[in-house]
Amino acid sequence: MRTLALALLLATPAAAETISEEIARTGLAPTEARLATLPSPTNEELFALAGLHFLGGVEQALQLRWQTGVKADWSELPILRLPIPENPNAIPFQAADFTALIRNLEVDMDASRAALTQLGEKPFALPIRMADLWFDINANGTRDAGEALADVTGMALGGGRMFGVAVEDPVITFDTADAAWLAAYTHFLSGFASTALAYDPEPAIQRVLDSSKAIYELWGTTPPNNAMDMMFGRQVDRAAMVLTALSKAPDKALAQDAYGHFLSMITENRRFWSLVAMETDNTGEWVPNDTQVSGIGLNVPPGTGARWQAVLADAERALKGEILIPHWRFGAEAGINLKKAFENPPAVDLITWIQGEGLLHYAEKGPQMSTQSWRDFEDFVQGDAMLFAVFLN
Numbered sequence: 001m002r003t004l005a006l007a008l009l010l011a012t013p014a015a016a017e018t019i020s021e022e023i024a025r026t027g028l029a030p031t032e033a034r035l036a037t038l039p040s041p042t043n044e045e046l047f048a049l050a051g052l053h054f055l056g057g058v059e060q061a062l063q064l065r066w067q068t069g070v071k072a073d074w075s076e077l078p079i080l081r082l083p084i085p086e087n088p089n090a091i092p093f094q095a096a097d098f099t100a101l102i103r104n105l106e107v108d109m110d111a112s113r114a115a116l117t118q119l120g121e122k123p124f125a126l127p128i129r130m131a132d133l134w135f136d137i138n139a140n141g142t143r144d145a146g147e148a149l150a151d152v153t154g155m156a157l158g159g160g161r162m163f164g165v166a167v168e169d170p171v172i173t174f175d176t177a178d179a180a181w182l183a184a185y186t187h188f189l190s191g192f193a194s195t196a197l198a199y200d201p202e203p204a205i206q207r208v209l210d211s212s213k214a215i216y217e218l219w220g221t222t223p224p225n226n227a228m229d230m231m232f233g234r235q236v237d238r239a240a241m242v243l244t245a246l247s248k249a250p251d252k253a254l255a256q257d258a259y260g261h262f263l264s265m266i267t268e269n270r271r272f273w274s275l276v277a278m279e280t281d282n283t284g285e286w287v288p289n290d291t292q293v294s295g296i297g298l299n300v301p302p303g304t305g306a307r308w309q310a311v312l313a314d315a316e317r318a319l320k321g322e323i324l325i326p327h328w329r330f331g332a333e334a335g336i337n338l339k340k341a342f343e344n345p346p347a348v349d350l351i352t353w354i355q356g357e358g359l360l361h362y363a364e365k366g367p368q369m370s371t372q373s374w375r376d377f378e379d380f381v382q383g384d385a386m387l388f389a390v391f392l393n
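Note that the working numbering has the sequence shown beginning at 1, numbered continuously upward.
Check each hint, because a few of them may be wrong.
[Unchecked claim] Subject to a maximum C-alpha distance of 27 angstroms in a straight line, what follows is the list of computed DSS-like cross-link-like pairs (lysine-lysine):
| hint | residue 1 | residue 2 |
| --- | --- | --- |
| 1 | Lys339 | Lys365 |
| 2 | Lys340 | Lys252 |
| 3 | Lys122 | Lys248 |
| 4 | Lys365 | Lys340 |
| 5 | Lys248 | Lys213 |
| 6 | Lys320 | Lys252 |
| 7 | Lys365 | Lys252 |
| 8 | Lys339 | Lys320 |
| 9 | Lys320 | Lys340 |
| 10 | Lys320 | Lys213 |
| 11 | Lys339 | Lys252 |
| 12 | Lys213 | Lys252 |
[Said to hold, decoys possible] If you anchor each label on the Cβ, the simulated ranges turn out as follows:
| hint | residue 1 | residue 2 | range |
| --- | --- | --- | --- |
| 13 | Leu209 | Arg129 | 22 to 28 angstroms |
| 14 | Ala347 | Ala227 | 31 to 37 angstroms |
| 15 | Ala96 | Pro326 | 35 to 41 angstroms |
| 16 | Asn225 | Lys320 | 41 to 47 angstroms |
| 17 | Glu168 | Glu217 | 49 to 55 angstroms |
Hint data in this document are derived by calculation from the structure and do not stem from the laboratory. This structure is a prediction, so every number in the text was calculated from the model and none was measured. Every residue, glycine too, gets a C-beta built ideally from N, C-alpha and C.
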């Protein structure tokens with residue numbers, strides 16, 4: 001009898017591992033690789049594949065940062081500002097590393113959208129335990145301290161009033177609306193990537209790296225007379241990299257790519273809010289509608305969606321040249337046509353831009369863009385507007 005019972009027990013299959021559990025056990029890249037080989041993926045598997053491509057792009061950027069020791073004080077750029085563990089054996093950062101980071105990010109965002117296109121608006125529900133998500137920052141295949149999603153993004157978001165309720169071990173059930181949110185975010189990062197590549201920053205970055213090295217060789221063994229380099233040196237170098245790169249005419253085709261991505265981001269964001277408004281459930285919501293509750297404890301006041309859409313509507317009108325960007329020298333009846341600037345993107349000359357001459361080619365008479373919708377949004381979320389903007393996209 002015992003033999004029969006044992007045989008029956010062994011013959012009974014173990015409970016199937018969920019995608020969330022697989023990520024926790026193996027990581028983002030191995031799970032993505034398995035899903036990519038499926039001949040007929042389910043709707044849930046397609047969304048998971050899209051999400052893993054997205055997170056995989058972030059993971060590759062974090063890995064490159066860890067390998068080269070790039071600090072989290074690169075607050076000017078997405079991803080590079082995220083806090084990660086220190087690497088005591090980092091190799092020197094090279095200009096080509098930045099280009100590789102941007103191109104890899106672009107590839108992953110394209111792959112994410114390809115999976116989302118295959119998914120379309122088919123219904124799905126994919127539960128993901130937030131604690132199961134982690135980035136293999138040091139690329140050793142093992143989950144180490146500081147690699148959890150909460151460790152990386154929680155410190156970047158900060159918290160404060162934005163998180164109103166503590167949720168223990170949150171599980172988010174991603175659904176059709178969230179696919180539109182993800183698509184919007186991929187377009188945002190692709191727009192950033194195309195903008196960066198349009199100015200071909202690699203020569204400028206290498207120039208500053210080389211000059212900085214030569215500067216430090218002048219120090220000798222005598223300590224500096226003040227702490228200014230320690231406080232501002234890296235920031236000044238980064239500003240020099242950015243301004244040097246922007247000082248040359250960008251690639252028009254890449255600028256147009258960026259323009260298309262930013263418009264698509266707004267379109268997908270609008271589609272997200274229209275889909276989430278129709279939801280009647282209240283189960284593990286990523287971004288809730290006015291009658292739902294955030295599954296991660298985010299304090300999202302009713303009406304947030306409408307006010308954020310007003311901000312994006314103004315951004316869309318500005319991108320299309322329907323309203324103009326004000327300039328302090330152009331008066332109350334004229335401004336800068338942003339659409340024209342993307343069609344014939346300029347080199348950036350701060351002196352002539354501030355004075356006005358460098359932007360005359362894009363200036364015209366017409367209604368100016370107002371900041372009222374942004375101020376309304378800022379007041380509504382009680383000073384957490386930038387954090388909400390990052391989350392809502």
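Q. Can the suggested window of 31 to 37 angstroms be confirmed for the beta-carbon pair Ala347 and Ala227?
A. Holds - the Cβ-Cβ distance for Ala347 and Ala227, about 35 angstroms, lies within 31 to 37 angstroms.
Q) Taken at face value, is the distance from the CA of Lys252 to the CA of Lys339 at most 27 angstroms? A) Given that 27 angstroms is the threshold and the Cα spacing comes to 12 angstroms, the pair holds.
**Q.** Restraint status (C-alpha distance of Lys320 to Lys213 at most 27 angstroms)
**A.** violated, 44 angstroms
Q. Keeping to a limit of 27 angstroms between CA atoms, is the pair of Lys248 and Lys213 held or broken?
A. Holds, at roughly 24 angstroms.
**Q.** Satisfaction of the hinted span 41 to 47 angstroms by the C-beta atoms belonging to Asn225 and Lys320
**A.** Once the Cβ atoms are compared, 53 angstroms apart, the range 41 to 47 angstroms for Lys320 and Asn225 is violated.
Q) Regarding the pair Lys339 and Lys365, is the alpha-carbon distance no greater than 27 angstroms? A) Distance ~14 angstroms between Lys339 and Lys365 Cα, so the pair holds.
Q) CA of Lys365 to CA of Lys340, is that 27 angstroms or under? A) holds, 13 angstroms
Q: Quickly compare the C-alpha distance for Lys320 and Lys252 to 27 angstroms and report which way the hint goes.
A: Distance of about 17 angstroms is within 27 angstroms: holds.
**Q.** Restraint check for Lys365 with Lys252, where alpha carbons must lie at most 27 angstroms apart
**A.** Roughly 25 angstroms between the alpha carbons, so the hint for Lys365 and Lys252 holds.
Q.
Given a hint of 49 to 55 angstroms, does the C-beta separation of Glu168 and Glu217 actually sit inside it?
A. holds, 54 angstroms
Q: Measure nothing beyond the straight line between the CA atoms of Lys213 and Lys252; if it is 27 angstroms or shorter, mark the hint as holding.
A: Not satisfied, since the Cα-Cα distance of roughly 33 angstroms exceeds 27 angstroms.
Q) Keeping to a limit of 27 angstroms between CA atoms, is the pair of Lys122 and Lys248 held or broken? A) violated, 45 angstroms
Checked against the numbered hints listed earlier, the structure breaks hints 3, 10, 12, 13 and 16; every other hint is satisfied.
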